[in-house]
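Student: So you can see what is in the structure, the chains are spelled out below.
Number of protein chains: 2
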Amino acid sequence: MKRSSRLVSLTNFFLENPRQHRNLPYFSQKYNAAKASMSEDLDIVDQMFREEGLGYLKRTSGSAGGVMFIPESTHDNGLEFIEELCKELEDPIRILPGGYLYMSDILGDPKMVREIGRVFASKFSDMDIDVVMTVATKGIPLAYAVASFLSVPVVIVRRDPKVTEGSSVSINYVSGSSRKIQTMVLPKRSLQEGANVCIIDDFMMAGGTITGMVSLLEEFNANVAAIGVLAEADDEEEERTVEKYTSLVKISDVDLNTKKIQVLPGNFAANKK
Amino acid sequence: MKRSSRLVSLTNFFLENPRQHRNLPYFSQKYNAAKASMSEDLDIVDQMFREEGLGYLKRTSGSAGGVMFIPESTHDNGLEFIEELCKELEDPIRILPGGYLYMSDILGDPKMVREIGRVFASKFSDMDIDVVMTVATKGIPLAYAVASFLSVPVVIVRRDPKVTEGSSVSINYVSGSSRKIQTMVLPKRSLQEGANVCIIDDFMMAGGTITGMVSLLEEFNANVAAIGVLAEADDEEEERTVEKYTSLVKISDVDLNTKKIQVLPGNFAANKK
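If you read the protein sequences in the order shown, they are chains A and B. Reading the first sequence from the start, the letters are residues 1369 to 1641 in the numbering used here. Reading the second sequence from the start, the letters are residues 1369 to 1641 in the numbering used here.
Same shape as in the complex, but just chain A:
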C-alpha cells in the first residue's frame, strides 16, 4: 500500500480508536510496511493532528512501546467554541415562560454535542477516568460525547427503576431549587467499586442533582474524578452545594420584560489547565 493510502487509513484508525494503545509491529503488519516507514507516517499524522488542534499521538519507545491517539483540543479552541455558544444562547427567541431557556435544539445537534464533548474531554484529558455518569434525560448525549473521546463507558442514573436493568441502588436527595425530595437509581451491575467517575450534566441550578449523583457514587464506593456541566445558572441567592466543577457557560440574566438574555463563559474560561 502506498503512503498516501496508508495515511488515510491511519487517520481514520486513530480518530475511531482514541486512547487505544497499539505497538508499531501492529501497524507494520496491517499495512505490510517497514517500521521506519510506519514511524514516518506516524510523524506526519501527529504533526497534522497537532496543527488542526485535534490532539496528538502519544508515542512510547522500548519493547512495550507503541502509539496512542490522545484527543485534546487546546484551551483557546475551547474558549472560541464557548464564545460562539454564548452568542447563540443569547437569542431572545429562546426565552420560555418562567424565565427558562430553550436549549433542546443545541442538545439535539449531534455536531454541537460532539464539540461540547471534545471540550470537556480535553479538559479532563489528564485525569484517570474509568466511566462517565449522567442522569436521564438531557445529559445523556453530552455524556456519550465526552465518553467517546475518553474511550470509556457511560452509565445512566434514572429517576425510576426499570425491570430490564436488574437490581439497583437508590438514594433520596433534596432538589436544590424546588426543595423537593427526589429519587435516583443506578443498576448494581453498572458500576464497579473504586471506579473513577466523571459526572456530566446539561444544566446546574443550585446543584442538587449533581450532589445526588455524588451521594449515589458513595454508595458504590466510587470516586468523583471530575464534574462537568454545560450551563450553570448564575443565581447569587442560591448557595451552591457543589464545590469543584467545570461549567462551559453561565446563564447570568434572563429578563422576561426586555427579552434580554445574558450568557457568559463559565468557569472553564478562568481555569486554564
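One or more hints might be untrue.
Note that identical chains are pooled: a pair holds if it fits in a single copy or bridges any two copies.
25 Å max Cα-Cα, derived PhoX-like pairs, lysine-lysine [to be verified]:
(1) K1530 <-> K1548
(2) K1455 <-> K1628
(3) K1426 <-> K1370
(4) K1556 <-> K1628
(5) K1370 <-> K1403
(6) K1556 <-> K1530
(7) K1479 <-> K1398
(8) K1627 <-> K1556
(9) K1640 <-> K1612
(10) K1455 <-> K1548
(11) K1370 <-> K1556
Hints in this document: simulated from the structure, not taken from any laboratory.
For this one, chain A is given, so just place chain B on it according to the hints.
Tutor: Same frame as chain A, now just chain B:
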C-alpha cells in the same frame, strides 16, 4: 502543504462532516493547492474509504459541483457486526428476573453504539431523512449515533412534559405488552411540519411505543421515513402493531430454567438494500 499532510487533514474533515457538500475551490483555497492536485487527493481518499468499508465520496461535476462524504458501510459488514452482537447477547449472565435481558453495558459503550448507528445509517442512507426521533431513555444514544452519520438533528420524546422545553403536544397510547395507557410528549418547537422522520429505539416488544411515536408524528403532520430497532422480541403470541421496520437482532428465546438465550439476526439480515 504537502500531499501527505493534506490527506490527513482531508480524511478528518470528511469523517467529521458527513453529507456536507463542498466545492473543489473550497479545498483548493483551504490547502492552497491546485485543483488537479486536490482532485487526485479526493480520488485517494475515496478509494481508501471504499476499501475500508467506510463509505464513499460523492462527486458532482459542473459549476455547482463538488464533493460530499456519504458514510455507508456494506451490508456484509453490517451482518458481520450483527453476528458478533448476537453472540455477545447470548451470554447467560445477561438473564434478569422475569426473562429480561441486561443490555445496558452494550448501550453504554460509545464504540458499540457508534457501530449500531453506522449500520442503521447505512441502511437508511438513500432515504430523505430530516430528523431522527427516539423516546427517552435507552434509545437516546442510538438515535444520536444514527443522526451523526446522517448529519441531521435528534428530537427526544418524553413520558412527562418539562417546563424547560416550552409548550408541547401530547398523546395517549396503549402499551402493547402491558396494555396500560401511557403518555408521550414532544415540544412543539422541536419538529417542523412535513419533516421526514427516522424513528430509532433500543427494544421492541409488541410495538406499542413505536406506534405511539407514529401517532405523535401524525399530530405534527410529519412523515415516517424509516423505523429502526436494535432488538425485537420474537413473541409469536403477540400481534405486532408495527409493519415496516428494520431490526438488527431478534431475541428468540430466554429460558430461565436452562439459562439459555437464543438471539438471532433481525430482519436486517433478510432485506438486502
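Student: All hints, please: hold or fail.
Tutor: Quick rundown of the hints versus the structure:
no.	hint	in the structure
1	K1530 <-> K1548	both (22 Å within a copy, 16 Å between copies)
2	K1455 <-> K1628	within (12 Å within a copy, 55 Å between copies)
3	K1426 <-> K1370	both (24 Å within a copy, 23 Å between copies)
4	K1556 <-> K1628	between (45 Å within a copy, 23 Å between copies)
5	K1370 <-> K1403	both (14 Å within a copy, 22 Å between copies)
6	K1556 <-> K1530	within (12 Å within a copy, 28 Å between copies)
7	K1479 <-> K1398	between (31 Å within a copy, 21 Å between copies)
8	K1627 <-> K1556	between (46 Å within a copy, 20 Å between copies)
9	K1640 <-> K1612	within (14 Å within a copy, 52 Å between copies)
10	K1455 <-> K1548	neither (33 Å within a copy, 45 Å between copies)
11	K1370 <-> K1556	neither (50 Å within a copy, 53 Å between copies)
Checked against the numbered hints above, the structure breaks hints 10 and 11 and satisfies the rest.
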